[in-house]
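J.: When you number the sequence shown by the working numbering, it's gap-free, plus one each residue, and the end is 156.
Hints may be right or wrong, so weigh each one.
Cut-off 25 Å, straight-line C-alpha distance, at most; resulting in silico cross-link-like pairs (SDA-like, lysine to any residue) [as the list claims (entries may be wrong)]:
| no. | residue 1 | residue 2 |
| --- | --- | --- |
| 1 | K103 | V65 |
| 2 | K143 | S125 |
| 3 | K82 | D136 |
| 4 | K155 | E100 |
| 5 | K155 | E98 |
| 6 | K(-9) | L77 |
If you're looking for bench data, these hints aren't it; they were derived computationally from the structure.
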Amino acid sequence: MSFITTFTGKKFDPVHPEVELIDIRDIAHALSMLCRANGHVKHFYTVGQHSLACYHEAEARGYSEKIKMACLLHDASEAYLSDVTRPIKKTLPEYLVVEDKLQTVIWNKYLASPLTEEEEKKVFEIDDDMLDYEFKHLMPRELSDRYKNIVGNHDLSFVDPKLVEDQLFELMSKK
(Lines of atoms letter the chains of each structure in order from A and count residues from 1; the text may use other names and numbers.)
(Lines give C-alpha, C1' and ligand atoms only; values in the text may rest on other atoms or scores of the structure.)
Protein backbone atom coordinates (compact mmCIF):
# COMPACT_ATOMS: atom_id res chain seq x y z
CA MET A 1 0.00 0.00 0.00
CA SER A 2 1.49 3.34 -1.00
CA PHE A 3 -1.03 5.61 0.67
CA ILE A 4 -2.54 6.47 4.02
CA THR A 5 -6.24 6.90 4.64
CA THR A 6 -6.91 10.33 6.10
CA PHE A 7 -9.50 11.39 8.65
CA THR A 8 -11.78 12.56 5.82
CA GLY A 9 -11.31 9.25 3.98
CA LYS A 10 -8.88 10.34 1.29
CA LYS A 11 -6.21 8.02 -0.09
CA PHE A 12 -3.10 10.17 0.33
CA ASP A 13 0.44 9.31 -0.73
CA PRO A 14 2.75 11.45 1.44
CA VAL A 15 5.76 10.59 -0.74
CA HIS A 16 4.01 11.87 -3.89
CA PRO A 17 1.56 14.45 -2.49
CA GLU A 18 -1.28 15.68 -4.66
CA VAL A 19 -2.09 19.23 -3.62
CA GLU A 20 -5.83 18.80 -4.20
CA LEU A 21 -5.93 15.99 -1.60
CA ILE A 22 -4.39 18.13 1.16
CA ASP A 23 -7.24 19.13 3.44
CA ILE A 24 -7.11 21.39 6.49
CA ARG A 25 -9.74 19.18 8.14
CA ASP A 26 -7.27 16.28 7.96
CA ILE A 27 -4.40 18.46 9.16
CA ALA A 28 -6.35 19.97 12.07
CA HIS A 29 -7.69 16.61 13.20
CA ALA A 30 -4.41 14.72 12.98
CA LEU A 31 -2.32 17.42 14.68
CA SER A 32 -4.85 17.59 17.51
CA MET A 33 -4.35 13.86 18.10
CA LEU A 34 -0.52 13.63 17.90
CA CYS A 35 1.28 13.94 21.22
CA ARG A 36 4.48 16.00 21.33
CA ALA A 37 7.82 14.44 22.31
CA ASN A 38 6.60 10.88 21.71
CA GLY A 39 4.41 11.28 24.79
CA HIS A 40 7.31 12.06 27.14
CA VAL A 41 5.50 15.11 28.55
CA LYS A 42 3.79 15.71 31.90
CA HIS A 43 0.36 15.41 30.29
CA PHE A 44 -1.14 14.97 26.82
CA TYR A 45 0.09 17.98 24.85
CA THR A 46 -0.39 17.85 21.12
CA VAL A 47 1.44 18.98 18.02
CA GLY A 48 -1.73 20.98 17.37
CA GLN A 49 -1.34 22.85 20.67
CA HIS A 50 2.30 23.51 19.76
CA SER A 51 1.20 24.87 16.36
CA LEU A 52 -1.35 27.14 18.02
CA ALA A 53 1.26 28.34 20.52
CA CYS A 54 3.66 29.14 17.66
CA TYR A 55 0.89 31.06 15.86
CA HIS A 56 0.12 33.08 18.99
CA GLU A 57 3.81 33.71 19.61
CA ALA A 58 4.15 35.13 16.09
CA GLU A 59 1.12 37.29 16.88
CA ALA A 60 2.70 38.47 20.16
CA ARG A 61 5.86 39.41 18.26
CA GLY A 62 3.81 41.50 15.83
CA TYR A 63 4.60 39.37 12.79
CA SER A 64 2.60 39.41 9.57
CA GLU A 65 -0.45 37.27 8.86
CA LYS A 66 1.69 35.23 6.46
CA ILE A 67 4.25 34.40 9.16
CA LYS A 68 1.50 33.63 11.67
CA MET A 69 -0.12 31.22 9.18
CA ALA A 70 3.27 29.67 8.38
CA CYS A 71 3.81 29.13 12.12
CA LEU A 72 0.38 27.52 12.39
CA LEU A 73 1.20 25.20 9.48
CA HIS A 74 4.92 24.61 10.13
CA ASP A 75 4.31 21.03 11.33
CA ALA A 76 1.39 20.30 8.99
CA SER A 77 3.37 17.63 7.15
CA GLU A 78 3.29 15.65 10.41
CA ALA A 79 -0.44 15.17 9.89
CA TYR A 80 0.56 12.83 7.07
CA LEU A 81 3.99 11.63 8.26
CA SER A 82 3.73 11.59 12.08
CA ASP A 83 5.88 13.49 14.57
CA VAL A 84 9.38 12.07 14.41
CA THR A 85 11.65 13.33 17.18
CA ARG A 86 14.61 15.50 16.17
CA PRO A 87 17.37 13.04 17.13
CA ILE A 88 15.81 10.35 14.93
CA LYS A 89 14.88 12.72 12.12
CA LYS A 90 18.55 13.68 11.74
CA THR A 91 19.41 10.05 10.94
CA LEU A 92 16.77 9.75 8.22
CA PRO A 93 17.90 11.83 5.22
CA GLU A 94 15.26 10.37 2.92
CA TYR A 95 12.55 11.20 5.45
CA LEU A 96 13.81 14.80 5.58
CA VAL A 97 13.48 15.07 1.80
CA VAL A 98 9.90 13.74 1.89
CA GLU A 99 9.00 16.00 4.82
CA ASP A 100 10.46 19.10 3.16
CA LYS A 101 8.69 18.38 -0.13
CA LEU A 102 5.34 17.79 1.58
CA GLN A 103 5.71 20.84 3.84
CA THR A 104 6.50 23.01 0.81
CA VAL A 105 3.41 21.73 -1.00
CA ILE A 106 1.27 22.56 2.06
CA TRP A 107 2.75 26.04 2.48
CA ASN A 108 2.33 26.72 -1.23
CA LYS A 109 -1.33 25.73 -0.99
CA TYR A 110 -2.19 27.80 2.09
CA LEU A 111 0.17 30.79 2.01
CA ALA A 112 -0.33 33.67 -0.42
CA SER A 113 3.27 33.36 -1.65
CA PRO A 114 6.38 31.32 -0.86
CA LEU A 115 8.20 32.21 2.33
CA THR A 116 11.28 34.35 1.96
CA GLU A 117 14.44 33.17 3.66
CA GLU A 118 13.90 35.80 6.39
CA GLU A 119 10.26 34.76 6.92
CA GLU A 120 11.23 31.09 7.17
CA LYS A 121 13.97 32.01 9.66
CA LYS A 122 11.40 33.76 11.88
CA VAL A 123 9.06 30.74 11.74
CA PHE A 124 11.75 28.30 12.80
CA GLU A 125 13.12 30.63 15.48
CA ILE A 126 9.66 30.61 17.04
CA ASP A 127 9.48 26.82 16.64
CA ASP A 128 12.84 26.39 18.44
CA ASP A 129 11.98 28.94 21.14
CA MET A 130 8.63 27.24 21.75
CA LEU A 131 10.27 23.80 21.89
CA ASP A 132 12.55 25.08 24.62
CA TYR A 133 9.61 26.71 26.44
CA GLU A 134 7.66 23.44 26.26
CA PHE A 135 10.63 21.46 27.59
CA LYS A 136 10.96 23.87 30.50
CA HIS A 137 7.30 23.48 31.47
CA LEU A 138 6.35 19.98 30.30
CA MET A 139 9.50 17.91 30.59
CA PRO A 140 11.78 16.89 33.44
CA ARG A 141 14.62 19.10 32.16
CA GLU A 142 15.44 22.27 30.26
CA LEU A 143 17.22 22.26 26.90
CA SER A 144 18.69 25.76 26.97
CA ASP A 145 17.61 29.28 27.76
CA ARG A 146 15.86 29.90 24.42
CA TYR A 147 12.56 29.88 26.34
CA LYS A 148 13.52 33.40 27.46
CA ASN A 149 12.84 34.61 23.91
CA ILE A 150 9.13 33.85 24.30
CA VAL A 151 7.15 37.09 24.56
CA GLY A 152 3.60 35.70 24.67
CA ASN A 153 1.82 34.14 27.62
CA HIS A 154 1.17 30.53 26.62
CA ASP A 155 -1.01 28.05 28.47
CA LEU A 156 0.46 24.57 28.11
CA SER A 157 -2.21 22.78 30.11
CA PHE A 158 -4.22 19.85 28.79
CA VAL A 159 -6.84 20.85 26.23
CA ASP A 160 -9.43 18.47 24.84
CA PRO A 161 -8.20 17.43 21.38
CA LYS A 162 -11.56 18.33 19.80
CA LEU A 163 -11.16 21.93 21.02
CA VAL A 164 -7.62 22.03 19.60
CA GLU A 165 -8.92 20.66 16.30
CA ASP A 166 -11.66 23.30 16.18
CA GLN A 167 -9.20 26.14 16.94
CA LEU A 168 -6.76 24.91 14.30
CA PHE A 169 -9.51 24.53 11.70
CA GLU A 170 -10.87 27.99 12.40
CA LEU A 171 -7.47 29.65 12.03
CA MET A 172 -6.44 27.54 9.03
CA SER A 173 -9.71 28.45 7.31
CA LYS A 174 -8.78 32.14 7.34
CA LYS A 175 -6.63 31.57 4.25
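J.: Run every hint past the structure and note whether it holds.
T.: Verification of the hints:
no. : hint        : verdict
1   : K103 - V65  : holds, 22 Å
2   : K143 - S125 : violated, 32 Å
3   : K82 - D136  : violated, 32 Å
4   : K155 - E100 : holds, 19 Å
5   : K155 - E98  : holds, 24 Å
6   : K(-9) - L77 : holds, 24 Å
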